[in-house]
Amino acid sequence: MNAALGHSGVLLGFASAVVGVGVIAYGLARGRPDMLRSSRVYAVLLLVGAVLATVAMERALITHDFSIAFVAANNSRTTPLLYTITGMWSALAGSILLWGLILAGYIAAMVWRFRAKSGDPLVAWATLVTFAVAAFFFGLMVGPADPFHTVAGAAPANGLGPNVLLQDNALVAFHPPLLYLGFVGFTVPFAFAVASLVTGRVGEGWQLATRRWTLFAWAFLTLGIFLGAWWSYQVLGWGGFWAWDPVENASFLPWLCATAYLHSVLVQERRGLLRVWNLSLVVATFCLTILGTFLTRSGVIESVHAFSDSDIGPLLLGFFGVVLAVGFGLIAWRGDRLRSPGGIDSPASREGAFLLNNLLFVGFAFIVLLGTVFPLLYEAFRGQQVTVGAPYFNTMTVPIGLALLVLMAIGPALPWRKAAVETLAPRLVVPAWIGALVLVGCVAAGVRGLGPLIAFGLGAFAAAANVRQLVLSARAARRHGVGAWRGLVGRANGGMVVHLGVVVVAVALASATSFGHRGEVTLHPGASATFDGHRLTFVGITQVRTSASSATEALVVVDGRATLRPAVSEFGTGTDPVGTPAVDSSVTDDVYLTIDALPTAAHGPVTIGVTVQPLVSWLWAGGAVIVIGAALAALPGRRRRPTDPVSAPVPAVADASGDGGRHGERDGSGDAGESDDAPLTRRRHPVVATTGAARGDDQGEWTGEPSDEPVPVRSP
Amino acid sequence: MTARRFSPRARARVPWVALVVVVGVALGVGANHPSAPTAPQREAAIDASLRCPSCEDISVADSSAPTAVAIRQLVATRVAAGQSDAQIDAFLVSRYGPGILLRPPVSGITAAVWIVPVVAMAAAGAGLAVVFWRRRRLETVSVAADDRRLVARALAEQAGGGPGPGRDTAPVP
Amino acid sequence: MSERALRRRHAARWVAGSALVIGVGLVVLLATRPPQAATEAYSPLVGHPAPAIVGTTVGGSSFDLDSLRGRWVVVNFFASWCPPCQQEEPELVTFAYEHRAPTDAALVGVVFDDSASGARGFLQGSGATWPAVVDPGGQVALDYGVRGPPETFLVAPDGTVAARIIGPVTSAYLDASLRQAEQAVA
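Residue numbers (our numbering), protein chains in the order written: chain D, 649 to 1364; chain B, 596 to 768; chain F, 2 to 187.
A couple of the hints might just be wrong.
Stated by the list, open to error - Label-pair ranges, simulated between beta-carbon atoms:
| # | chain 1 | residue 1 | chain 2 | residue 2 | range |
| --- | --- | --- | --- | --- | --- |
| 1 | B | 672 | F | 99 | 40 to 46 Å |
| 2 | B | 623 | D | 1128 | 46 to 52 Å |
| 3 | F | 181 | D | 791 | 37 to 43 Å |
| 4 | D | 981 | B | 702 | 39 to 45 Å |
| 5 | B | 672 | F | 158 | 28 to 34 Å |
| 6 | F | 55 | D | 1251 | 57 to 63 Å |
| 7 | B | 746 | D | 763 | 42 to 48 Å |
| 8 | D | 1054 | B | 613 | 29 to 35 Å |
| 9 | B | 668 | F | 125 | 37 to 43 Å |
| 10 | F | 67 | B | 672 | 20 to 26 Å |
| 11 | D | 707 | F | 55 | 46 to 52 Å |
| 12 | F | 181 | B | 718 | 57 to 63 Å |
Unchecked claim - Computed list of chain D residues with no C-beta within reach of chain B, every gap over 12 Å:
| # | residue |
| --- | --- |
| 13 | 891 |
| 14 | 1043 |
| 15 | 1136 |
| 16 | 1192 |
| 17 | 1205 |
| 18 | 1249 |
Stated by the list, open to error - Cross-link-like lysine to any residue pairs, in silico, SDA-like; alpha carbons within 25 Å at most:
| # | chain 1 | residue 1 | chain 2 | residue 2 |
| --- | --- | --- | --- | --- |
| 19 | D | 1066 | B | 703 |
| 20 | D | 1066 | B | 723 |
| 21 | D | 1066 | D | 1100 |
| 22 | D | 1066 | B | 750 |
| 23 | D | 1066 | B | 634 |
| 24 | D | 1066 | B | 649 |
| 25 | D | 1066 | B | 623 |
| 26 | D | 1066 | B | 612 |
| 27 | D | 1066 | B | 722 |
| 28 | D | 1066 | B | 619 |
| 29 | D | 1066 | B | 732 |
Hint data in this document are derived by calculation from the structure and do not stem from the laboratory.
For clarity, every value in this text was computed on a predicted model and none was experimentally measured.
Glycine included, C-beta positions come from ideal geometry on N, C-alpha and C.
Chain D with its partners taken away, still in its complex shape:
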């Protein structure tokens, strides 16, 4: 019954996607907007199919329906409910189902959001692209990666249960879905990018309309990556959180391109520049999510993540090739339409800083990609194996990270078009001195090591510069009578908060990796030892049995106040025992314990592996600040009233929540041919060019930089 339900859901989804592609293609070819509008129903059907299949799978898991091969392989009667539910994405076919569900959700949301413009060829092409992607993933589930494949013969009495590492920690309920919300979310901007290239309407309208979608996907990808690192830290027992594992790299690559895009699109909105960059970054982001899925699913590079069922590996690789060819082929074809009105006037300007930012992020991504793929290249040509491990990545990316910190500090203070030293220096002198004083303080406190010291100094510089921006915005908001908190929301101000989070993360990384200590202590029951300033007392061994596992725990008291229980656990029957670490986190450092050797006799000594790393908790705190900043950036800056003037006449702005017109500073060099700059969603009131005092800047938010405010138009 579950299998039948699931199969019908998958087939419904696949059929809806395929028919949707056909209907839209026909509607576009014949110029039939009514057909385009009718295609919306297929998005609903796609979602229904996906939900049906998901419900069927969860029902099968919860009722322990072992007639389905996936359930038999990933669930057992003793698996706790939480891990039963999360078992859906603990192996290959189920994770494709999760991808399909999230994709169907995004498509339905997108179609609903742009429903007023569903007859517009741009929106239609974007919907077609998303349907095509959905057709691919649902097609995988129809054939090679069928989650509802039934067991041949009789259903087994009990299943194997999920992988032991996936039932150790509740984070398994969050990390994959959040990561997928990020990955899959980039399908929407990609679809619009392809649509804009195909229709030739390469203006900024689609980017403004999809700004929040990209930000949303980026925020979830960031959250997913941080949770993955946290999970790795809590579960895997080596005290680290980022191993430059090929699959970790594969999730990091789209994040890098997406971050570059989020910054670079500001230049296109303000000045209409960097169009080829922006389109390439969007296409690259989506391609890299597909490549990441391939690397995770195909087992081509051994990794802690590889689900080595490689049947769908070649298909994913082929899809990656197709997406890459389509995306970049379109960019090459439409190259002549991507000319910008004017160029970057001076490298010392905000545009120049964003361009340098793009270069640094793309360079970062190139290094990560090269390092991940180089062992394969080498082995293919030389037959030997070479390893490109953490030392390589750290050496190559730390300079880029430091350069990005510098840009983070200087960028927000740089004016557009051209910076003069007289403008810039007064803005930066206080943050620079704060950075210098922090550096001196660290040196005075005994911190040694050029790399970490530079990171701390630059981090303080960047933090102070960003806080300065926030203070100015809050003051400007208060001055205009709307409440100081308005200075914290909106794209620019949310971005400052995100930068603060990044600084915290950078400081945490620098200190945890440079000043961590690892060792082993062997203790008899009741004995104590001191390691790196912490006192560890071994109390004894206990056995803990739950329905799912039986664990041997070592009770260790840290600094006389916290009891940690590192353990060796066995889940289910016949599986290998797995080491479970225990962590005591504080604001200053983390004490991380594992059992390296259990006592061989009763009351014998136990060998405990100890890792002490400073400021690890700042990593997670910084990640939280980043996500909070992204949420702040998604909020509208200031409700723009229709009668508010801007510094130059503009068409109706991007979306109804009043995000502000950005066409103000176009230098009007003959873009008459591009009528596509009309936004995709219409505001409710037309803009009337008016008189009246100008208020605030033309980004729809308070940024408070006096020289950025437009020249007020004097009333008659």
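Mind docking chains B and F on chain D? Use the hints.
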């Protein structure tokens, strides 16, 4: 001459010069490392540079796998026997192949993985510099008299009230 | 088309073209990965003297690899908990039986991270008759550069390593590898 010494530009530079001096001194002091590492530190450093052969991408220092434990034991023995880092690395490479080292060797073909990114980024930076240089040389804007008159008229009308005439950006429906 | 538009189109083409080239290269590379069965793998020991294997077998007797000098030796690193080892065990039994003549190829097992009793039970359960050396501390595995079981090494009669095979072997595969190695040495 005395006027120049107190010119605003010179005064504005003072905090920056002082900044550079302070930072330089601090870094100079802070970059000093204690000399000769102890045996456990050497072992930890070597362990962190070796790949655990039976794990996925973690170092011998981080892993509790039996192969890693065996290698740690070997490293400890050899460090105690006074062998150098290079000798220990060479022995392990003679058994496991070059893949045992986490840091790809800087010699031979693998040097490409170190050099290519640096060269690529330097080339990109140089390319941009060239583009800016060329653009700066080409841009000699000479303003025609007609344009000056147009601007003057627009400014006058604006000062007189109401929106200016003739916009360059065509309003879009 | 204006000069600047031409340049812009060329820039876009360059970007797209280079991205496509990198992408296609990546696809080709990733598509041609070797399959996951028994394969001959690189080892720096090939052509060099085989590291010594001296120790006690799971049965309690002593063993020295040198005593087998003059015969081809198949050294098989295994563990009872490793599924591919379980998979190849019957094949090894077949191989040992076919080569049971005293001057024929000898089969030797080395226990990889397993208890002696576990290994003994595993071997007895499959009807294995060849000696299996216990490797406390994993130093023999380290000497041979073993990453994980199952790995099999072919040692020539003169004591040099002829080949390293990773993955579960079959009797036929071993025979073929042996023939190949014999021809290479001759």
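Each hint tested on the structure:
In this structure, residue 672(B) and residue 99(F) meet the distance hint of 40 to 46 Å, their C-beta atoms being roughly 41 Å apart. With their beta carbons about 47 Å apart, residue 623(B) and residue 1128(D) fall inside the hinted range of 46 to 52 Å. Here the CB-CB span from residue 181(F) to residue 791(D) is close to 39 Å, well matched to the stated 37 to 43 Å. Distance hint check: the CB atoms of residue 981(D) and residue 702(B) are about 44 Å apart, consistent with the given range 39 to 45 Å.
Remark: the range hint 28 to 34 Å for residue 672(B) to residue 158(F) is upheld by a beta-carbon distance near 32 Å. Between residue 55(F) and residue 1251(D) the beta carbon distance is about 36 Å. The supplied range of 57 to 63 Å is therefore violated. Checked against the given bound of 42 to 48 Å, the beta carbons of residue 746(B) and residue 763(D), roughly 45 Å apart, stay inside it. Separation of residue 1054(D) from residue 613(B) is about 19 Å and departs from the stated range, judged on CB atoms against 29 to 35 Å.
The hinted window of 37 to 43 Å between residue 668(B) and residue 125(F) is violated, with their beta carbons roughly 30 Å apart. The hinted range of 20 to 26 Å is satisfied by residue 67(F) and residue 672(B), whose Cβ atoms lie roughly 23 Å apart. The beta-carbon spacing between residue 707(D) and residue 55(F), approximately 60 Å, falls outside the hinted interval of 46 to 52 Å. A C-beta distance of roughly 47 Å is found between residue 181(F) and residue 718(B), which places it outside the suggested range of 57 to 63 Å.
A Cβ of chain B approaches the Cβ of residue 891(D) within 12 Å, the least distance being about 5 Å, so the stated non-interface status is violated. Taking the minimum C-beta to C-beta distance to chain B, about 8 Å, the non-interface status of residue 1043(D) is violated against the 12 Å cut. At roughly 29 Å, the least C-beta separation between residue 1136(D) and chain B is larger than 12 Å, which holds for a residue marked as non-interface. Here residue 1192(D) stays apart from chain B, with its beta-carbon at least about 20 Å from theirs, past the 12 Å limit.
Residue 1205(D), annotated as away from the interface, keeps every beta carbon of chain B farther than 12 Å; the closest lies near 23 Å. For residue 1249(D), the non-interface assignment is confirmed: its Cβ lies about 20 Å from the closest Cβ of chain B, beyond the 12 Å cut-off. For the proposed pair residue 1066(D) and residue 703(B), the alpha carbon gap of about 45 Å is over 25 Å, so the pair is violated. With a C-alpha separation of about 17 Å, the suggested pair residue 1066(D) and residue 723(B) falls inside the 25 Å cut-off, and the hint holds.
At roughly 33 Å between alpha-carbon atoms, residue 1066(D) and residue 1100(D) are farther apart than 25 Å, so this suggested pair is violated. Restraint check for residue 1066(D) and residue 750(B): the C-alpha separation of about 23 Å stays at or below 25 Å, so the hint holds. Between the alpha carbons of residue 1066(D) and residue 634(B) the distance comes to roughly 55 Å, so the proposed pair goes past 25 Å and is violated. Between residue 1066(D) and residue 649(B) the CA atoms are separated by roughly 55 Å; this puts the pair beyond 25 Å, and the hint is violated.
The straight-line distance between the Cα atoms of residue 1066(D) and residue 623(B) is roughly 35 Å, outside the 25 Å bound, and the hint therefore fails. The suggested pairing of residue 1066(D) with residue 612(B) holds, with an alpha-carbon distance near 24 Å, which does not exceed 25 Å. For the proposed pair residue 1066(D) and residue 722(B), the alpha carbon gap of about 20 Å is at most 25 Å, so the pair holds. Restraint check for residue 1066(D) and residue 619(B): not satisfied, since their Cα atoms lie roughly 29 Å apart, outside the 25 Å limit.
A threshold of 25 Å between alpha carbons decides the hint, and for residue 1066(D) with residue 732(B) the separation of about 16 Å falls inside it, so the pair holds.
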